[in-house]
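Taken in sequence, the protein lines are chains E and Z. For the first sequence, the positions run 1 to 318 when the UniProt record's numbering is used. For the second sequence, the positions run 1 to 284 when the UniProt record's numbering is used.
Wrong hints could be hidden among the right ones.
[To be verified] Far from chain Z, by Cβ distances over 10 Å, these chain E residues were calculated:
#1 30
#2 75
#3 99
#4 224
#5 225
#6 230
#7 301
#8 314
[Stated by the list, open to error] Stretches of chain Z that chain E covers, calculated by requiring three or more beta carbons in the stretch to come under 8 Å of a beta carbon on chain E:
#9 28-42
#10 155-166
[To be verified] Chain E is faced by these chain Z residues, among others (derived, beta-carbon under 7 Å):
#11 55
#12 57
#13 60
#14 100
#15 218
Hint data in this document are derived by calculation from the structure and do not stem from the laboratory. Idealized CB from N, CA, C, for every residue including glycine.
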Amino acid sequence: MSAATPVTATAPAVTPARRRGGAATARRRTAVVGYLFVAPVALGLLWLYIYPALATFVLSFTEWGPFGGNTFNGFANYVAVFSSQTFWRSLLNTFGYMLIGLLVIPVAIVVAALLNKPGLRGVGVYRALYFIPFITLPVASGMVWKWLYNGEYGLINQFLGVFGISGTYWVANPATALVAIGIVQVWSQIGYYLVIFIAGIKGIPAEYSEAAELDGAGSFRRFSHITLPLLSPSIFFCTVINVIATLQIFDLIYVMSQSSSANPAFQASQSIVTLFYEMAFVDNTKGPATALAFILMILIAALTAVQFRLQRRWVQYA
Amino acid sequence: MRSRLVSGPSARGTRLGSVGTHAVLALGAVVMIFPFVWQVLTAFKSQAEAIAVPVTILPAEWRWDTFREVFTVLPFFDQLRNTALVAVARTLGQLLLCSLAAYAFARLRFPGRNVVFALFLSVLMVPSQLLILPQYEIMADLGLLNTIPVLILPGLFSAFGTFLLRQFFMTIPNEIEEAALLDGASRLRIYWSIMLPLVRPALAALAVITLMNAWNDLLWPLVVNTDPTVMPISAGLTTLQGQFATNYPVLMAGSLLASLPMLVVYLVLQRQFVQGIALSGTKG
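The whole structure should be built from the sequences, with the hints applied where relevant.
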């Protein structure tokens, strides 16, 4: 209370000594309040996030016994993962999803650049339309696309038929499943990246473009020499986020391809996370599953670190 | 004179370019939106019509029965209610708990603050899949499998939410808080009646992000709840696909109904959605 007492020049309410003591009490009280405020989330994170993360690390070196009797088995789980054909296939597929997924960035940049044209009408309507797939339940999107991709009744094949092209069972054909699902991933994410790039382009001072226009630079030159370099911090951020997200792709694959393991494209479309789900909750091989989860985390950390290293070469902070 | 020479052709170019721009954007918009149009059209068709070759675009007869059927092949109402309950509980919980912690991290000094905050940041880097098996065991030990709380609990605590809000509390000038302290206001009061209103845009942003994540969540519900009546709609729909793989109109009607609530929320809160993403993109 004493710390809250106003101290004025005309009437000093407390002596310096008492004031120091009061300040200490106030500081202690502030600290207590701080701990109380932080405690709920901190304890929750400790209980359901930090402890589980550490537990997974430990469990990845143990064999899961039937009644919680886990025994240390060294690197056996990792050996099991690395020696399985399915793991390498899934890893390769996951990189495939990542590379296709990155297409969302150029697409979103081009759309954002078009939407930022001065005086363009209906920007809000376009943005809303492009954003809707991102809002839609991924399971629902997956189902619609699976239906569009259907080999017999699907609209895509009907459309291709008009041009004399005979399609395939896009998500049930091992040759096409990964690309077909990857395209849906890109489609569903455009809205998110679009919003970030629109904000990024808006942040570029118009004078730069105007000056270049007076110097006779065409719209393509202005885009490649002014917009793109000045947008590079946003592009970097989006690339990092996008890589992390696609390395964890699950929903669309689960809905479009994994609903039946009899699907001939089951293996060809498997990602690390769908494999993790299979191992942990279908095949009940929890030891190797924890090892796989840990490998995924290392992979995400490594690819993020590489991107941060490379950013010096191409990201320009104005 | 000179400026007319420059602006003349440029203005004409803009008008011509604007037609081209609209053409490209409109084509893109059709691609973005077409799957939903097809979803709606299929939902109103009969099964026979849905799988007829060649494809008919419009239903011969608009049937509403399919929408009623969704509620009989699935505990659809329960699942929608579960999803809404979980999404709202997680959002309100996160807003309250994260804002308390964020306020403390940003404005209060206490020993060990930086260490604890670093711990929060480390949580951001861990993918959720890494946590699922131990989280599952914890929930099983508590006897919470196949209940609603199991869907809510892990989503109440968020390192991301705390971090996002902290960035905003940091930008508020010290003087506002000092003045309130001199007036004898408690920290809890300052947090609730002064600071929270000041970071309202950030709260709204966190709310829409959390709401959407909770609505879309699939892997965790799939793992912890196998009883259809306590599943959220995302997981419920996947069971529909397994059992009734060939009934496309029901599948489409179900997908449509499950996405609709979030679409409505989006149309009402468009600004907050856009702001939320722009914020998470720059401050997160």
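Here's how the hints hold up against the structure:
| no. | hint | result |
| --- | --- | --- |
| 1 | 30 | 5 Å, violated |
| 2 | 75 | 18 Å, holds |
| 3 | 99 | 19 Å, holds |
| 4 | 224 | 17 Å, holds |
| 5 | 225 | 18 Å, holds |
| 6 | 230 | 15 Å, holds |
| 7 | 301 | 7 Å, violated |
| 8 | 314 | 19 Å, holds |
| 9 | 28-42 | holds (count 10) |
| 10 | 155-166 | holds (count 5) |
| 11 | 55 | 5 Å, holds |
| 12 | 57 | 9 Å, violated |
| 13 | 60 | 16 Å, violated |
| 14 | 100 | 4 Å, holds |
| 15 | 218 | 5 Å, holds |
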